[in-house]
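J.: Each chain is listed here by its residues.
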Amino acid sequence: MFSGEYYSPIRKETVKNIPASILKNMYITMARIRKVDEKIADFVAQKKIICPCHLYIGQEAVATGVCANLKKQDYVYSTHRSHGHYIAKGGDIKAMMAEIFGKETGCSRGNGGSMHLVAPELGFPGSSAIVAGTIPIAVGTALAFSIQGSENVSVAFFGDGAATEGVFYESLNFAALKKLPVVFVCENNFYSTHMHISAIQSNIEIYKKAEAFNMRAMRIDGNNVVDVYNTAREAVEDARAGRGPTLIECTTYRWRGHVGPNWDVEKSLRSQEEVDSWVNNCGMKRIEGLLLEMGIMSDSEKKEINEKIISEIEEAVRFVQASPFPSAEEYKENVFK
Amino acid sequence: MRKLKYSEAINEALHQMLSTDQRVFLIGQGVISPWYVGTTTQGLYDKFGGQRIIDTPVSENAITGAAIGAALAGLRPIVEHPRMDFMYLAMDQIANHAANWYFMFGYKVSVPMTIWGIINRGGEQAAQHSQALQAMFTHIPGLKVVMPSTPYDAKGLLAASVQDDNPVLFIDDRWLYEIVGEVPEELYTVPIGEGVIRKSGSDVTLITSSYVVHPSLKAASLLEKSGIDVEIVDLRSLKPMDTTLFLESVKRTGRAVIVDGGWKTCGVASEISAIITENIFGYLKSPILRVTLPDTPAPASSALEKEYYITEQDIIHAVRKVVKFECEDTVQTKSYDNKNIL
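Taken in sequence, the protein lines are chains V and H.
When we follow this note's numbering, the leftmost residue of the first sequence carries the number 1, and every step to the right adds one.
When we follow this note's numbering, the leftmost residue of the second sequence carries the number 1, and every step to the right adds one.
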């Protein structure tokens, strides 16, 4: 699966209705996700992080473009590959890094680790390591929103592998049947751990599976953050207006392996050419180029943004170093609220 | 006090909770059916409508997950499973998600959800329409499990489950539906984690819960005639479990028989037996016995069902055995001969 097959360039006319501030913020979010995960990749490689980390590098445009349409009170549910969704919904990097290092100051007090990030005050009630596990939960939140008569929206992020779980289909059926305000965002990165999608799915167009439930569904270039933003905007508006759910299949690529910092080329799971084709079509570079070209961001601003992110990460690392580990007394006493 | 059937007590609790708490809603298979869940959901749909009384497709895992998501958004869902057997299909959402959530996310978010699991067996329904799976669920950290045996406790424990901030499995046994007992008209709660002594006695403690409390009571009254004084502890909650109540009782009687309507191996009875030996071994006058289902699937034929399910005779037999043990062992110092125990 080479990038070219799925590549759709950012077209000028798709940008004109998006405020410059949103475009710039999306770039900042993508750069933050990228740099945080690259730092984590280094720590894992150095064995300073023990916790398994499923890195989001290469997929930043999906979480960013979707979450840019959401309000704080909208809920986002995530997966084992949770870093990008957490950051895109506004999650605190210090609390996330501390969690991954198993510290008491972590967002889940060291009980969750990389796969279980949480920020309830920001509409990020949790991420599950069970594939497809949060899809029905997102549907239930949408059900609650509809019972409560609120205009909030619930979003489920999941990978292509989730489309081979039964609960995915149960959830699509129920959400479409009840016209619930939920947006399903499938990040199709073409690999379910070591397995290529074509080896495990009889139909690799995941959006067509949602169409079978009479649901609006489409496939877009998930590395084109502008397309993600515009498509999600429509889906979110439909959900808010009571027009029911949408499934957006975003084709994308995780640059690193399923888990950890390696590239999966060294173990012959995929070719260097394939990886290069996606790295060369990097979603972050595409929005960066557009912002520079349109004059929304200058070179010096870009430098400033990136320096700020680096110092933010350095501060988070210092915070982690200064944080204690959780106490052994606490965890046994807190199984129930 | 006014008397109600067990099934009427559940129905009344549902009506009252839906009336008084806008956060409560009911979702599950058969909740608008006149027969699917017995009569326990009667009148709910007419009164509260399809927004809050939601009958569902046969999608146990997704519907249970949906209840979790609704709880995370501030509601108090009751997710109903008309047969516990089908809850295996929802195991992922119950065990991996609902039960872990509060702990896994650093005590920040809890899942205030009631899972209403119904045991529906007998009548030649066979292995997949018969199961009492309390042990499976009691094993899981983060999930509370309650199992009422009386109309009073059915109403009070259902209300307590809904008011609890954690996921609670409320196990409801349809063999209890016709049992009549005193039930206050107002809404009240029975505290989760508190057992009760149904009958005081001095010779042996019967530790039990849910439906098998009733054959235990019958057995106790029959044994009384032969001079064996049985104390009956109704656990009411399996997690958290009122261990103090039964440990104190066994300390007094020195003997324990555990009656549980599930299977023997790694069952609730095994756990209770272990708790007793770990804590008060020195008080025991005889080995602990377990009265449970045999380790087999439920058979269909009524001839076999009679043999399969626990009767008061099974309980009497076990009680006599633990009493006899001491009798044989210490026959020189204590004489039960005149009590005509065998």
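Any given hint could be a false lead.
Straight line, CA to CA, 30 Å or less: simulated DSSO-like cross-link-like pairs of lysine-lysine [unchecked claim]:
(1) V:Lys-47 with H:Lys-108
(2) V:Lys-39 with H:Lys-108
(3) H:Lys-108 with V:Lys-72
(4) V:Lys-332 with V:Lys-308
(5) V:Lys-71 with V:Lys-178
(6) H:Lys-264 with H:Lys-251
(7) H:Lys-47 with H:Lys-199
(8) H:Lys-251 with H:Lys-218
(9) H:Lys-108 with V:Lys-35
(10) H:Lys-251 with H:Lys-3
(11) H:Lys-285 with H:Lys-199
(12) V:Lys-16 with V:Lys-72
(13) V:Lys-332 with H:Lys-251
(14) H:Lys-251 with H:Lys-306
(15) V:Lys-71 with V:Lys-285
(16) V:Lys-308 with V:Lys-39
(17) H:Lys-108 with V:Lys-332
(18) V:Lys-267 with V:Lys-178
(19) H:Lys-321 with H:Lys-218
(20) H:Lys-47 with V:Lys-178
(21) H:Lys-324 with H:Lys-225
(22) V:Lys-302 with V:Lys-12
(23) V:Lys-71 with H:Lys-108
(24) V:Lys-285 with V:Lys-12
(25) H:Lys-264 with V:Lys-332
(26) V:Lys-48 with V:Lys-35
(27) H:Lys-108 with V:Lys-48
(28) V:Lys-72 with V:Lys-267
(29) V:Lys-337 with V:Lys-47
(30) H:Lys-321 with H:Lys-251
(31) V:Lys-179 with H:Lys-47
(32) V:Lys-337 with V:Lys-39
(33) V:Lys-35 with V:Lys-16
(34) H:Lys-251 with H:Lys-324
(35) H:Lys-264 with H:Lys-306
(36) H:Lys-108 with V:Lys-337
Non-contacting residues of chain H with respect to chain V, defined by C-beta distances greater than 10 Å in every case (computed) [to be verified]:
(37) Ile-32
(38) Ala-70
(39) Lys-199
(40) Gly-227
None of these hints come from the bench; they were simulated from the model.
Ideal placement from N, C-alpha and C gives every residue a C-beta, glycine not left out.
J.: Now look at each hint and say whether the structure bears it out.
T.: Here is what the structure says about each hint:
1. V:Lys-47 with H:Lys-108: 29 Å, holds
2. V:Lys-39 with H:Lys-108: 27 Å, holds
3. H:Lys-108 with V:Lys-72: Distance of about 17 Å is within 30 Å: holds.
4. V:Lys-332 with V:Lys-308: This hinted pair is violated, its Cα atoms lying about 40 Å apart.
5. V:Lys-71 with V:Lys-178: 23 Å, holds
6. H:Lys-264 with H:Lys-251: 24 Å, holds
7. H:Lys-47 with H:Lys-199: 40 Å, violated
8. H:Lys-251 with H:Lys-218: 23 Å, holds
9. H:Lys-108 with V:Lys-35: 27 Å, holds
10. H:Lys-251 with H:Lys-3: 35 Å, violated
11. H:Lys-285 with H:Lys-199: 21 Å, holds
12. V:Lys-16 with V:Lys-72: 25 Å, holds
13. V:Lys-332 with H:Lys-251: 28 Å, holds
14. H:Lys-251 with H:Lys-306: Answer violated: H:Lys-251 to H:Lys-306 is near 34 Å, above 30 Å.
15. V:Lys-71 with V:Lys-285: 26 Å, holds
16. V:Lys-308 with V:Lys-39: Roughly 15 Å separates the two Cα atoms, so the pair holds.
17. H:Lys-108 with V:Lys-332: Holds, at about 16 Å.
18. V:Lys-267 with V:Lys-178: Not OK: V:Lys-267 and V:Lys-178 at ~45 Å, beyond 30 Å, violated.
19. H:Lys-321 with H:Lys-218: 17 Å, holds
20. H:Lys-47 with V:Lys-178: 20 Å, holds
21. H:Lys-324 with H:Lys-225: Given pair H:Lys-324, H:Lys-225 holds - Cα atoms ~16 Å apart, limit 30 Å.
22. V:Lys-302 with V:Lys-12: Measuring from Cα to Cα gives roughly 21 Å; hence the hint holds.
23. V:Lys-71 with H:Lys-108: With Cα atoms ~21 Å apart, V:Lys-71 and H:Lys-108 stay inside 30 Å; holds.
24. V:Lys-285 with V:Lys-12: Since the Cα atoms of V:Lys-285 and V:Lys-12 sit roughly 16 Å apart, the hinted pair holds (cutoff 30 Å).
25. H:Lys-264 with V:Lys-332: 28 Å, holds
26. V:Lys-48 with V:Lys-35: 17 Å, holds
27. H:Lys-108 with V:Lys-48: Holds - the C-alpha atoms of V:Lys-48 and H:Lys-108 are around 27 Å apart, at most 30 Å.
28. V:Lys-72 with V:Lys-267: Roughly 42 Å between the alpha carbons, so the hint for V:Lys-72 and V:Lys-267 is violated.
29. V:Lys-337 with V:Lys-47: 34 Å, violated
30. H:Lys-321 with H:Lys-251: 19 Å, holds
31. V:Lys-179 with H:Lys-47: 23 Å, holds
32. V:Lys-337 with V:Lys-39: Roughly 35 Å separates the two Cα atoms, so the pair is violated.
33. V:Lys-35 with V:Lys-16: 28 Å, holds
34. H:Lys-251 with H:Lys-324: Between H:Lys-251 and H:Lys-324 the Cα gap is close to 18 Å, so the pair holds against 30 Å.
35. H:Lys-264 with H:Lys-306: 18 Å, holds
36. H:Lys-108 with V:Lys-337: 9 Å, holds
37. Ile-32: 15 Å, holds
38. Ala-70: 4 Å, violated
39. Lys-199: 31 Å, holds
40. Gly-227: 43 Å, holds
Hints 4, 7, 10, 14, 18, 28, 29, 32 and 38 from the list above are not met by this structure, while the remaining hints are.
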